[in-house]
Structure formats: C-alpha cells, structure tokens
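Protein chains: 2
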Amino acid sequence: METKQKLMQTALQLFADNGYSETSVQEIAKQTGISKGGFYSYFPSKIDLMLEMVDDYHQSIQNITREIDGTKAELASYLHGELEIWIEHRLFFHVIFKELPPKKDETFTKKMEQLHDTLHYHHQEYFYLTYGQQIAPYVTDLVIMLEGIMKEYMMYMMLHDKQMDARQLSSWISRQMDGIVQNLANQKPFLQGDEERTIEQLLEDTKEIVLQYQLSNQQMLLRTIDEINRHIHADRDPFQLELLIHYLKREKVIEIQTIQIEKMWKQGGL
Amino acid sequence: METKQKLMQTALQLFADNGYSETSVQEIAKQTGISKGGFYSYFPSKIDLMLEMVDDYHQSIQNITREIDGTKAELASYLHGELEIWIEHRLFFHVIFKELPPKKDETFTKKMEQLHDTLHYHHQEYFYLTYGQQIAPYVTDLVIMLEGIMKEYMMYMMLHDKQMDARQLSSWISRQMDGIVQNLANQKPFLQGDEERTIEQLLEDTKEIVLQYQLSNQQMLLRTIDEINRHIHADRDPFQLELLIHYLKREKVIEIQTIQIEKMWKQGGL
DNA sequence: GTCTATATATTGATAGAC
DNA sequence: GTCTATCAATATATAGAC
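Keeping their order, the protein sequence lines are chains A and B.
Take this note's numbering: the last position of the first sequence gets the number 270, and nothing is skipped along the way.
Take this note's numbering: the last position of the second sequence gets the number 270, and nothing is skipped along the way.
For the record, the hints were derived by calculation from the structure and aren't laboratory data.
One or more hints might be untrue.
Which copy is meant is left open, because identical chains are indistinguishable; a pair holds if it fits in one copy or across any two.
[Stated by the list, open to error] Here are the simulated DSS-like pairs of lysine-lysine, each with C-alpha atoms no more than 27 Å apart in a straight line: (1) K188 - K162; (2) K252 - K207; (3) K151 - K111; (4) K4 - K111; (5) K111 - K98.
Every value quoted in this text rests on a predicted model; they were computed, and no experiment measured them.
With these hints in hand, go ahead and build the complete structure from the sequences.
Shown next, in the form of structure tokens:
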C-alpha cells in the first residue's frame, strides 16, 4: 500500500512539473524506484492514476463543509477552509489549471466537471449566506470574479514559490469582495442571474446536488425535500418542518443549502 | 503562403480542443489537406509553429497601445482595447491558459514569460494612470485581481460558448475595480508593493522595457531617458524636457510610461 | 510483487521520387 | 511543393519468469 501512495506522490510532482501527457509511466516508475512493468501492478493505466488523484481531491473539497461555522456568516470563514485545502494540494491545483489532461477520456472529463460544479455551488452559497438573497442577480458574476481572483493568487504563489497564509489571504479576498458588493448598487449585472432566489429554486438546487452524488439514502433525502416544499406552501407546520430540516442537516454535501433553507423558512415565517 | 496560414489556423483549433502535446503533426496535416511530410516544408518542427503563433499574438498585444486615448484616463478604455484582442484570439487564449506547452523548450518558455511580462506591465500602468500614484502599495494585488477576473470571464465565455461584447465587459470589470479601489483605504496590501512610486522608478521601468524589445534606436532611447532623469533633478529646463519627452512619445511600446512621465513632471513642477 | 523482455502503436522528423 | 516510404525514438501496456 505504501508503494501505491509513493507512486501517486511522484506522479503528482512530475505532472505538476512537466504536464500529464509529457510524463511517461517509465519516469514515474523510475523515480519511485520500481520498474515500468511494476507500475501496472498498482494501476491498470496512467489515466486511472490520474482519476484516483482527482477523487482524492474532490473528497477533500467536500470535507471542507464540516469545518464551516454555520453561525458566523462571513465569506472569510468559508474561504479560509477552502484555501487551506488548495494550498495543501497546491501541486494538484497546478496540474489541473496549468494543463487540461485528456479530453478524450470521458470518465475524466466528467469527473472534472463534477469537481468544478461542486466548487461553483459552494461559492454561490457562500455569497447567499454572506450577503443575503438580494445579491441573486449578481451571483454568477460574483462567483466568477471570486474564482478568478483565487486562482490567480494561487498561480502567483506557485510561480513565485511563495508560501501564503490561508487565513490572511481569505480575509484579504473577502474584504475585496465586500468592496465589490458595496459598489454594486444600481449596476446591471454582466451575466444574467436569477432575478430573485426563491425557496423553490433553492430546494431544486439541493435536489440536484443530492442526485449528483449517489448517496445511499438518496430516496429518503429527495422525499424530505419534497415534503419541505409542500409544508412551506401549505400548513407551515413548524414542528414537522423542524423535523424535516433536521434530517437534511446530517448530510454534509448539502450543509450550506440546508442552512439557507432554514434561514429562508424562518425569515419568511415572520 | 496560403497553406501556411491554413496550417496555423488548423493547428490552433486542434491545440485548443485537445492540447498541444496531444495533437500530432499528422492530424494537423491531415485536417489541412496535405501529407505529414508536407508539413515540414512550412515549419521546421511542431514547436516552431507554436512559436510563430505566440509571436503573432504578442504583436497584437503590443499594437493595442496605439488605440489608447491618452487623455481619457479610464481603466475601461484601456481594457476595452485589450479585451478585443483577447476575444478575437480567444482560441489562442484557450491554448495558453488551458495547457502549458513544453517546459523543456527554453525558447518557448522565454517567449511566454515575455508575453506575460508585457501584459503585466500594461496592467500596472493602467492602474497608475487611472487611480494615480497613491495606489502604489496595492498595485501588485490590483493587477493580480484584474488578471484573474479577466481570465475567468474569458474561460466562462469559452466553456459556455457565449460571445461577449468587449465594451460591456471592460466597462463592467473596470467598475468592479473601482469598487475594490474605493474600499482599499486603511487596508494593508496582501502582497508587498512599492511604498511609493517615484519618477526614478518609472524611468528605470521604462529603460527595462526598452531593453526587453530590441529596438533599432535603443541607444538613442536610453540616452534620452537618462537625460530626462538628469534634467528633472537639475535645471528642470521645460524646453529641453519637452523635446526629450516628445522623442519618447513616438515609441509605442513605452507609450503608457511616457504619458506618466509627462504627468509626473508637470505635477511635480507646479 | 516486482522484474525482464517484448508486443504494438504512434510519435516527430528525414530522404528522395515526382 | 508535395508526396510516399521510412527512420529512430518513445509511448502504453502485456506476458511470463522469479
């Protein structure tokens, strides 16, 4: 098991340095200290190694939500968790953003899209949580700008071989986003956003995420979301809604959405 | 000559789709309608085709300055020119930012660094011209954020196959930068910037650019810059300074710097 | 599990006919 | 100028010995 880990680490370094396609299996094996043939005892092919790398990273990203403090609705605290992962996996980041590996492999492309979507969803919800539902028309623009800024700082770090403090950087970036948001008044968004963010949309988004990750209790979750939708419009029975939302709360992949559902319910109920 | 252009265009499309290393000479030749052997009548190697592509783009970038209106010191007007080029050459952009081609070829790496530096210089000077010398401590951060935002919007455009209006986008981005700059007061920059931007530094930067591009009148330009430096500190003879600056103004690669030199001289002279 | 040896395909590039 | 034929190198992946 140790050799496999070592292979992945060596491969990551080589991919980051020279790119995926220009790194040969032979080179990976040689630098790990085994023969070319031996490589295939651990991975069925080169792309499968890459796929495992993506999976590892994707899992790290999903685990960020665990560390989120739901009460303090500040962009900085969300970004902090994410940036720590980025910095820790900065070599992987470099591979992903400096060379787009084989478009030909469909599995890979799909995995990358999922990773991208996961991040995108997270960021979108950060904004809603921090600035409220009124930034809905601008949310697409804000997410794009945030992602661009984060990537560029990461790139700067890589190229200049500087180490960055996740806390300082997240605090800096979120303050700049504050500046942008404050200045947004009366501006027309550049990209079309939703005119307003209704609870129906939020529930729909949550369902999509549940579908994306094939969770064991998928059916139960979908039913729960539907029930919430029904109760919100019908009786608004607080006891039942509390129960339903509590069930959703267990699921970390939709944690951010659940917090918002609760928020909107209680605000709407006043 | 026409076949050569066609080869480059086909190659660009293939590079953008599948990446540089995963596009074979055979594929380029086949899609252009000639044989693999025929390819080598036009380019000595695959990397040489790529190098020519970079040169073409670099030239377009340098030509932007021509269209700048020096009197209207707005970030938007500068960005507009640049974004038009980006959008026009969006396939090239995709190649550059989605796959970093061979690190092994030194000529290529050098050309890419030059291109990056050129853009970086431009952006830095845009900020100085728009917001004045007092943003000096923040200029590195501002440039990074601007570049990140621009890249991300370009990426969004590519991935969603949407066309964007350069004027609208440049206007939007510059307004967001306004928001950031206005919010900057009392913040400590994240990356170290120059504490203040003196005219000596500006002249030094200008010299570096002159040295980077091997211009035919390099010696004359360097002498001129030195003379400006001398006169600024000594007699401040307006007639002679006017002459010297006028000579610099002809040179488009340092146009932005020249405008600023003139500005600082006249402000300092009051 | 890891090695050596090998199979097979594809790459970038060259030589020489037309 | 463009083709065909071919080179040498390298790639991923497999087979079978130990």
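We went through each hint and held it up to the structure:
1. K188 - K162: This pair counts as between: shortest inter-copy Cα distance 18 Å, intra-copy 38 Å.
2. K252 - K207: Answer is within; shortest intra-copy Cα gap is 14 Å, inter-copy 56 Å.
3. K151 - K111: Cα proximity of K151 and K111: in one copy and across copies (19 Å, 23 Å).
4. K4 - K111: This pair counts as within: shortest intra-copy Cα distance 21 Å, inter-copy 38 Å.
5. K111 - K98: both (17 Å within a copy, 17 Å between copies)
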